[in-house]
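Protein chains in written order, with UniProt numbering: chain H, 1 to 72; chain X, 1 to 72; chain B, 1 to 72; chain A, 1 to 72; chain G, 1 to 72; chain Y, 1 to 72.
Everything labelled a hint here was simulated from the structure, so no lab data went into it. Since the model is a prediction, treat every value here as computed from it, not as a measurement. Be careful, since some hints might not be right.
[To be verified] When the alpha-carbon atoms are kept at most 27 Å apart in a straight line, the in silico BS3-like pairs for lysine-lysine are as follows:
1. B:LYS18 <-> A:LYS18
2. G:LYS18 <-> X:LYS18
3. X:LYS18 <-> Y:LYS18
Letter by letter, the chains look like this.
6 protein chains.
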Amino acid sequence: MRLSTRNRLPGTITEVQKGDVTAKVTLQVGDNHIVALITRESAEELGLEAGQRATALVKATDVMILTDEGLG
Amino acid sequence: MRLSTRNRLPGTITEVQKGDVTAKVTLQVGDNHIVALITRESAEELGLEAGQRATALVKATDVMILTDEGLG
Amino acid sequence: MRLSTRNRLPGTITEVQKGDVTAKVTLQVGDNHIVALITRESAEELGLEAGQRATALVKATDVMILTDEGLG
Amino acid sequence: MRLSTRNRLPGTITEVQKGDVTAKVTLQVGDNHIVALITRESAEELGLEAGQRATALVKATDVMILTDEGLG
Amino acid sequence: MRLSTRNRLPGTITEVQKGDVTAKVTLQVGDNHIVALITRESAEELGLEAGQRATALVKATDVMILTDEGLG
Amino acid sequence: MRLSTRNRLPGTITEVQKGDVTAKVTLQVGDNHIVALITRESAEELGLEAGQRATALVKATDVMILTDEGLG
Chain H
1 MRLSTRNRLP GTITEVQKGD VTAKVTLQVG DNHIVALITR ESAEELGLEA GQRATALVKA
61 TDVMILTDEG LG
Chain X
1 MRLSTRNRLP GTITEVQKGD VTAKVTLQVG DNHIVALITR ESAEELGLEA GQRATALVKA
61 TDVMILTDEG LG
Chain B
1 MRLSTRNRLP GTITEVQKGD VTAKVTLQVG DNHIVALITR ESAEELGLEA GQRATALVKA
61 TDVMILTDEG LG
Chain A
1 MRLSTRNRLP GTITEVQKGD VTAKVTLQVG DNHIVALITR ESAEELGLEA GQRATALVKA
61 TDVMILTDEG LG
Chain G
1 MRLSTRNRLP GTITEVQKGD VTAKVTLQVG DNHIVALITR ESAEELGLEA GQRATALVKA
61 TDVMILTDEG LG
Chain Y
1 MRLSTRNRLP GTITEVQKGD VTAKVTLQVG DNHIVALITR ESAEELGLEA GQRATALVKA
61 TDVMILTDEG LG
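Let the hints inform the model, and build the full structure from the sequences given.
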């Protein structure tokens, strides 16, 4: 299976918070943590849970660039 | 300055490829490389170039989750 | 009225699930079903309900390509 | 701090509606009102509340164009 | 015709820059200018040109919030 | 391999147009055609070409809903 999405960040799920319609999934990827907002349905169908290995995928058109830090 | 965008991946720019309207910016972030597609105008206004420290920003609604790897 | 968004998938709403802030709308489009995550406010203002004809719209920059299936 | 995101709409927050996982933030920007769907976590960390000055940011790849109005 | 996209910014096109695959469209919306990156095909089919009235559309999930300005 | 992205539209590539940085890929999916804007690099790495079977993937947060057609 091959996917056009270039950005793949393998890590470990640290938290899955399920709401009524959406779910927030947090991963630890190296020194960074990544938060994903997906549908609750997806989170349940994939059986996502803390401690599980997973990869965060991001399309190139969705990445912004920040320089000269200083972001609170 | 404080931004609602949760996902911040600090790294170093390894390549900036400018097209007529868009620009592709590649960063090394820990063990991963991240590709961003932005407008050429933005790349030039920020003076982005290889070797520069920069942070990739991604909104939580734009992150997908992949499990059981096997992605070519 | 003319819209730059190229991808238009006409179908029939099969389910509208309203959360506190968001709403999940499922459409049947030919042999496929499409899930949209919109604000609850939008779902209510448009009066979306099962059985209604509607069109799913997707911007070209938001479409990814997968080849050699095998996706669970 | 410099950001590649071109579209910046300074305004005033008129409403913050917090759900279990997401939050809907409404701003008045000139004659227009803008709705943002972000994570509840972001809304709380930024301490967003009605009356506060804030800027809506939108990536160029996320903007669509509509002509010959007539949109209900 | 009714659309779930909440954010509608009516303005005037000030520039259309066509690349090989994409097109950058700039609008003046009140005191702000908005840049959209769409496909060249869309720009041509809509016959977009400077001086034309048009509306920028943005989905709520694509809007980020910035506070305490100071953004270069 | 399992992916949180709910919307999967299997079809056949009818055209691949490569620009300097981006590529426009058109698929026929049932009675509809779908246009994807991806990086040229992705299109080349996946070896995308007309006649090939492929699936268009779209995240639920990127789908908008239109009712009472009348869209030019």
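Okay, the hints, checked on the actual structure:
Between B:LYS18 and A:LYS18 the alpha-carbon distance is near 15 Å, which keeps this suggested pair within the 27 Å criterion. Taking the CA atoms of G:LYS18 and X:LYS18, the gap is about 15 Å. The hint holds against a cut of 27 Å. The suggested pairing of X:LYS18 with Y:LYS18 holds, with an alpha-carbon distance near 15 Å, which does not exceed 27 Å.
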